[in-house]
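Q: Here the protein sequences come in this chain order: A and B.
According to our numbering, the first sequence is numbered sequentially starting from 24.
According to our numbering, the second sequence is numbered sequentially starting from 2.
Simulated from the structure, these hints should not be mistaken for laboratory data.
Cβ atoms here follow ideal geometry from the backbone N, Cα and C, with glycine treated the same way.
Among the hints, erroneous ones may be present.
[To be verified] Pair by pair, the computed Cβ-Cβ distance ranges are:
1. S28/B x S206/A: 30 to 40 Å
2. I27/A x W69/B: 47 to 57 Å
3. A82/B x I212/A: 15 to 25 Å
4. L78/B x H120/A: 17 to 27 Å
5. L121/A x L108/B: 51 to 61 Å
6. R88/B x E125/A: 18 to 28 Å
7. L93/A x S28/B: 22 to 32 Å
8. E29/B x V108/A: 10 to 20 Å
9. E186/A x L78/B: 13 to 23 Å
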Amino acid sequence: MSLIQNPEFRRGFTDTVAPSLGIAAWGLVTGVAMVKSGLSLTVAALMTLLVYAGSAQLAALPLIVAGAPLWVLWATAFCVNLRFVIYSAHWRRYFGHLPRAERLLLGYLAVDLSYVLFARRFPVAEPQPEQLPYFWGAAAWNWASWQGASLLGVLIADYVPTEWNLGFAGVLALLGLTYSLLSDKKSWIAAGVAAFVAVAAFALPLKLNIVTAIVAGVAAGLLLDRSFRDAAPERV
Amino acid sequence: MPAWYATLGIVGLAVVTAVTRGFFLFSERELELPAWAVQGLRYAPIAALVAVISPEIVLTDGALIATWQDARVYAVLAATAYFFWRRGILGTIVTGTAVLLALKIGLGW
Chain A
24 MSLIQNPEFR
34 RGFTDTVAPS
44 LGIAAWGLVT
54 GVAMVKSGLS
64 LTVAALMTLL
74 VYAGSAQLAA
84 LPLIVAGAPL
94 WVLWATAFCV
104 NLRFVIYSAH
114 WRRYFGHLPR
124 AERLLLGYLA
134 VDLSYVLFAR
144 RFPVAEPQPE
154 QLPYFWGAAA
164 WNWASWQGAS
174 LLGVLIADYV
184 PTEWNLGFAG
194 VLALLGLTYS
204 LLSDKKSWIA
214 AGVAAFVAVA
224 AFALPLKLNI
234 VTAIVAGVAA
244 GLLLDRSFRD
254 AAPERV
Chain B
2 MPAWYATLGI
12 VGLAVVTAVT
22 RGFFLFSERE
32 LELPAWAVQG
42 LRYAPIAALV
52 AVISPEIVLT
62 DGALIATWQD
72 ARVYAVLAAT
82 AYFFWRRGIL
92 GTIVTGTAVL
102 LALKIGLGW
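Generate coordinates for the entire structure from the input sequences, incorporating the hints supplied.
A: If you want it as structure tokens, here you go:
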């Protein structure tokens with residue numbers, strides 16, 4: 024059976040379609056921002072196609088334009104991307120048995136949206152045969168919609184009104200996804216703690232508030248799991 | 002900005018993407034996480050989502066929203082209402098974005 028006909032591939036694909044509309048709006052805005060900050064069309068297109076990480080790209084733009092030392096540029100992107108390091112520990116539970124080259128390819132393609140959808144679809148973090156087709160279905164559509172929207176943004180940058188805050192559609196997509204994950208009291212509290220810390224620690228440089236908030240949310244969840252053992256946690 | 006600088010910078014950024022997303026996928030040795038860490042990962046997706054979106058929703062230039070004339074407030078309320086009414090992500094995005102654009106374009110919020 025080919026991958027396209029696999030029901031899990033289709034499921035990954037269809038789970039991604041609705042939220043990817045919001046993510047595509049984000050991609051469009053990122054494409055616009057790259058050109059408006061002064062990158063040439065070629066460089067902007069190269070950036071979206073290779074880097075494939077919106078928040079790191081936006082953080083890198085002013086540094087590239089200012090001609091910052093390359094190590095500063097790369098270290099900045101590394102910090103902005105720290106949340107992916109946490110995700111990669113989770114991915115290891117699912118994909119650890121695959122060959123290294125395949126693991127790294129999957130990791131490169133594993134953006135926020137794919138990670139959240141995948142963890143929702145497979146809450147038990149153990150390898151299952153349905154996982155790879157699901158991953159590819161989600162990753163393929165996310166890649167295509169993000170890249171398509173971002174390249175469109177590069178091409179029509181002068182015609183997109185930035186004051187409309189179109190990128191907020193991406194926030195709304197992730198908001199809906201958040202609601203779909205809030206299953207029990209413990210997840211509400213963990214989310215509340217993460218939200219509070221992300222806002223309270225916003226003044227940290229390099230978007231370090233994000234990874235700080237994730238660690239705080241996870242710690243809160245763990246504390247709750249320890250305190251209320253009666254509701255036995257599912258295995259991860 | 003010389004072309005070689007931007008190109009080299011971007012290639013390096015792509016490597017950073019691959020390194021951070023593949024951080025714990027690289028080693029060939031078994032990754033032995035302590036049991037509590039494995040259990041804690043269950044909360045990572047929800048924590049990551051709210052960590053990314055909450056500052057975008059409640060902050061303007063690093064300060065809490067201090068005005069009612071902010072389109073995001075009503076966009077989020079409408080999107081939330083839609084989600085708990087119908088549970089669809091698509092409708093949540095469309096409803097919230099419609100309210101956002103109506104207030105932005107109509108009232109200049």
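Q: With reference to the structure, classify each hint as holding or not holding.
A: Cross-check of the supplied hints:
no., hint, in the structure
1, S28/B x S206/A: 30 to 40 Å, "holds, 32 Å"
2, I27/A x W69/B: 47 to 57 Å, "holds, 49 Å"
3, A82/B x I212/A: 15 to 25 Å, "holds, 23 Å"
4, L78/B x H120/A: 17 to 27 Å, "violated, 45 Å"
5, L121/A x L108/B: 51 to 61 Å, "holds, 53 Å"
6, R88/B x E125/A: 18 to 28 Å, "violated, 35 Å"
7, L93/A x S28/B: 22 to 32 Å, "holds, 26 Å"
8, E29/B x V108/A: 10 to 20 Å, "holds, 18 Å"
9, E186/A x L78/B: 13 to 23 Å, "holds, 21 Å"
Going through the hint list in order, the structure does not satisfy hints 4 and 6.
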